[in-house]
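Protein chains: 2
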Amino acid sequence: MKQKKTSRRQFMKNAALMAGAGTIGIERSVANIEDANLPPSVPEWMKKMGRGVVTVPYGTPSPYEDKVIRRTVPWLTASPISSISFSPLHELKGIITPSALHFERYHAGVPEINPDEHRLMIHGLCENPLIFTMADLMRFPSVSEIRFIECPANGGMEWRGAQMEALQFTHGMVSCSEWTGVKLSVLLDEVGIKPEAKWLLAEGADGAAMGRSIPIEKALDDSIVAYAQNGEMIRPEQGYPVRLVNPGWEGNTSVKWLRRLELGDQPWHLREETSKYTDLMPDGSARRFTFVQEANSVITSVCPEKPLKHKGHHELEGIAWSGRGKISHVDVTFDGGVNWQQAKLKGLVLDKALTRFSFDWDWDGSPALLQARAVDETGYVQPTLGQLREVRGVNSIYHKNAIHTWQLFESGEVRNVQID
Amino acid sequence: MKQKKTSRRQFMKNAALMAGAGTIGIERSVANIEDANLPPSVPEWMKKMGRGVVTVPYGTPSPYEDKVIRRTVPWLTASPISSISFSPLHELKGIITPSALHFERYHAGVPEINPDEHRLMIHGLCENPLIFTMADLMRFPSVSEIRFIECPANGGMEWRGAQMEALQFTHGMVSCSEWTGVKLSVLLDEVGIKPEAKWLLAEGADGAAMGRSIPIEKALDDSIVAYAQNGEMIRPEQGYPVRLVNPGWEGNTSVKWLRRLELGDQPWHLREETSKYTDLMPDGSARRFTFVQEANSVITSVCPEKPLKHKGHHELEGIAWSGRGKISHVDVTFDGGVNWQQAKLKGLVLDKALTRFSFDWDWDGSPALLQARAVDETGYVQPTLGQLREVRGVNSIYHKNAIHTWQLFESGEVRNVQID
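Protein sequences appear in the order of chains U and E. Quick note: the first sequence uses our numbering, first residue 1, plus one each step. Quick note: the second sequence uses our numbering, first residue 1001, plus one each step.
Be a bit skeptical, because a hint or two may be false.
[Claimed, not checked] Derived pair list, reagent style DSBU-like, types lysine-lysine, alpha-carbon separation capped at 35 Å:
#1 E:K1218 x U:K309
#2 U:K67 x U:K344
#3 U:K326 x U:K344
#4 E:K1344 x E:K1326
#5 U:K198 x U:K218
#6 E:K1346 x U:K326
#7 U:K326 x E:K1326
#8 U:K306 x U:K276
#9 E:K1326 x U:K218
#10 U:K326 x U:K218
#11 U:K306 x U:K218
#12 U:K309 x E:K1194
#13 U:K344 x E:K1346
#14 U:K326 x E:K1218
#15 U:K276 x U:K67
#16 E:K1344 x U:K326
Honestly, the hints are just simulated from the structure, not real lab data. This one's a predicted model, so the numbers in the text were calculated from it and none came from an experiment.
Produce the complete structure using the sequences and hints provided.
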């Protein structure tokens, strides 16, 4: 029997004692419980029958959770059809993003595709070009892997200065799912690629025919032609009935509504790899084909949407991810990077997946500058904003994986600020 | 460059050649593509704009997936309120069950609970009884773990003979989610349990006040007071806003809408552990408090809902799980248990989680008796139906984890049959 009072428990008590009126104390006496509408008093919902089984054959969240939704920023793009929605990271737990809350990005809206009429063609520099139905694709041996997808523009509004007063908007274009499908290497084996094939064009069946050029090495490594997400068929906005998943790479390369893969000997220089998804450098040149989403992290339990309501114990939580592999460790700082302390990695630590970290923290009520810094298994260390700007300037709207700062005030409020 | 034709590839070719009219061949030539409405022809949905971003702030599946739902069997229980819905296992991929398709079982319907008014009381044989708000619970350090939950009545209609012509009904009361919450041991440490406390009463806030007695050893081991499932707050039918999760144990003990935990020195002998959730043995005695869901498995890619449409290559797939720990291996047979071959475990193999297995199979069109047999890391081997009936008789409706048989006919149709 464990009966010792831990120091954490003492934290909680102190927190409750220190907390001002209207804040939440962690401990309540059960003495005088008759005075309140609390257990063992019986609440209203125990006095009647609830709704019956399969009243909702496909379930939905509680109506009390109706604020936990994807959101967009109207001024970000010219049209609400070709735009972005952001995942509510401040409300999410664990590492699986509910499919219903996965961020969205598309260029001509979400097509409504009849899976029986959809085809995937693989052609170009191969021996045996083929057209696959969905039933064909689903006959091949499948894999299921938990992987993040991140838009390379995640945080892109922040290159020149802090703009967005919400975690949902600063980092909400990263999500993580269990993806199921056929390894692309299996399909390429089926068509028999020619030695001169070095690149692959992936094209979507949306009105934009969104396309990207993928090096053949990636296609033969870990790319998945995926038809399921988190156990069920992919949702329309995620590419129903089939999409490419390039683990760890720019989300834009994981082409949705995949209809065509063409093998070629050079990249196609499409709109999305020339005008867009390139980094304009200070000297006027452009970085191109920078596919990997490098290590990134952010604190999620303290953020503009989640101000602190009391002093004392807090489990500081956040997420980290790297397109190069597993997260090896995460450090946190409360003084804007002067002193760092190692956070704990929680739960599953998977290759190219969101990884949750935490740090048991006792807030004394002082102002603070909170940051997290991720390191991946290749030894890559998430850079400071200054380091990133020194190399890349401020013209890009992509690949901003700099250490992020939350400024905490004595009031418990949190603001998005930048420290070089 | 991989260009060799694998034997699997040859399987596919043979399958396509062997398949009769109307069946699906895996390979199609792209010659004469102008003749068909196939790529590179442009389908209708590429010629217009799709729906805009966050038109659906909380996403939903494609309308083409509207048959992938939970289902119930009207005659199973006296009332559709106190009943069961089954998860569509034949349509699910990977190991995560979408929350919207998690099986349901409840005894007085789904209460609609306001989380701000919900409380969890912990009292009885402890030093410091406490009442927690949801905000209190969410301040404690959390854990996130992928665990299955299975109703102990899963397959219970089949003790006396095969009845249900659908995988969804024979095995659809097992699901697997990433659960997030506070370890119960942390909360028990907070209240300070007394040495004489040996059992814990868990009570739900539904109209049935559904309750179970839990040994204190389990509570101090791996039980979770969970508020999130697959990244978001638990759905109403899964216990919103908070439930108990006892990994690997009878789903019934993972009390939903958790409102009260009482520490005592003996079990409470409640309805759900006397009249129900006990096994009536051949001698008239009852097995009680048989908490662990023992190793089980079933083939999911060939089942009554998924008849075979062609000869040749198939990836035989299924799921296995054990309440004692990890699955160590799974064997499959095509002749009703005479010859066994080892299947491959796919993807993550986690403690007390669904584990997916597969076997590359070349069907020659003959009738077959398909079975899977799971072994867990403790060495426990899933029993035959005969072995289980020899020990337990046929009076129970619980804890039927026997090897399951699908009878495959030459037509490709599949029936649910029993082999002792």
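Hints, one by one, checked against the model:
1. E:K1218 x U:K309: Holds: K1218 (chain E) and K309 (chain U) sit about 34 Å apart, inside 35 Å.
2. U:K67 x U:K344: Holds, at about 30 Å.
3. U:K326 x U:K344: holds (14 Å)
4. E:K1344 x E:K1326: With a Cα-Cα distance of about 14 Å, the restraint between K1344 (chain E) and K1326 (chain E) holds, given a limit of 35 Å.
5. U:K198 x U:K218: holds (10 Å)
6. E:K1346 x U:K326: holds (20 Å)
7. U:K326 x E:K1326: holds (23 Å)
8. U:K306 x U:K276: The hint holds at about 33 Å.
9. E:K1326 x U:K218: holds (32 Å)
10. U:K326 x U:K218: OK: K326 (chain U) and K218 (chain U) at ~18 Å, within 35 Å.
11. U:K306 x U:K218: violated (39 Å)
12. U:K309 x E:K1194: holds (33 Å)
13. U:K344 x E:K1346: Distance of about 28 Å is within 35 Å: holds.
14. U:K326 x E:K1218: Roughly 32 Å between the alpha carbons, so the hint for K326 (chain U) and K1218 (chain E) holds.
15. U:K276 x U:K67: holds (32 Å)
16. E:K1344 x U:K326: Within the cut-off at roughly 24 Å; holds.
In this structure, only the earlier hint numbered 11 is contradicted, and the remaining ones agree with it.
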